[in-house]
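**Student:** Here are the chains, one letter per residue:
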Amino acid sequence: QQQVKQSPQSLIVQKGGISIINCAYENTAFDYFPWYQQFPGKGPALLIAIRPDVSEKKEGRFTISFNKSAKQFSLHIMDSQPGDSATYFCAYPPWVAGRRALTFGSGTRLQVQP
Amino acid sequence: DTGVSQDPRHKITKRGQNVTFRCDPISEHNRLYWYRQTLGQGPEFLTYFQNEAQLEKSRLLSDRFSAERPKGSFSTLEIQRTEQGDSAMYLCASSPAESTDTQYFGPGTRLTVL
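If you read the protein sequences in the order shown, they are chains A and B.
Numbered according to my numbering, the first sequence spans residues 1 to 114.
Numbered according to my numbering, the second sequence spans residues 115 to 228.
With the rest of the complex left out, here is chain A (with noise of 0.2 Å):
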């Protein structure tokens, strides 16, 4: 059951450059949409997050944008630096049971070359 689907797989950019992250999701109807990073031997992260009543949020050199007709969230990242380097995942994010019942893309694993 795809809930979310998660683009490219991986991705190669220079320093400065910009990483550009899709997630789709079937179903927008949600009031949360979590980004996660994680750097190699380490757990995920809480990087941004965007509620879709706008269209855009930013944080420093990190943006979501959202595609309402598309089902579509991109995480942009600007300036990419090689400490960028890590996996990036979107999560899909409804209330199951009182929790946050967070089910993860595949992820995104991005190098960024000095």
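What the hints contain is simulated information worked out from the structure, not anything from laboratory work.
All values reported here derive from a predicted model rather than from experimental measurement.
Some hints could be false.
Taking lysine to any residue and the SDA-like style, the derived pairs with C-alpha atoms no more than 25 Å apart in a straight line are [said to hold, decoys possible]:
#, chain 1, residue 1, chain 2, residue 2
1, B, LYS171, B, ASP121
2, A, LYS58, A, ALA29
3, A, LYS71, A, LYS42
4, A, LYS58, B, ASP215
5, A, LYS42, B, GLU192
6, A, LYS5, B, GLU192
7, A, LYS42, B, HIS124
8, B, LYS171, A, GLU26
9, B, LYS185, A, ARG99
10, A, LYS5, B, GLN155
11, A, LYS15, A, LYS71
The hints should help you fit chain B onto chain A, whose structure is shown.
**Tutor:** Quick look at chain B alone, frame taken from chain A:
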């Protein structure tokens, strides 16, 4: 460091042995989650506690798996009669009662079953 901690960080065991992992959530976080992550995939939900009550278990959690959170603080995940297919990273996460959207992940326990 007041983040989520997990012990051990690595565990190598032989097939058929039992293993137990421990998770110490962020202090005062009443919600605790266990996930499993295999190579190249996003974390998959295993089970969820609210205080000491185990409120939900995934179909992924076979009869060989058991989790406890006896005093509503730390939690343990036990795998009995381990199989090679159990090899994965086991992640613990916690969230506070007042803000359940964000889950704070620990560094994980990497299990290798030989």
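**Student:** Hints the structure violates: just list their numbers, smallest first.
**Tutor:** The structure conflicts with hints 3, 6 and 11, although it agrees with all the remaining ones.
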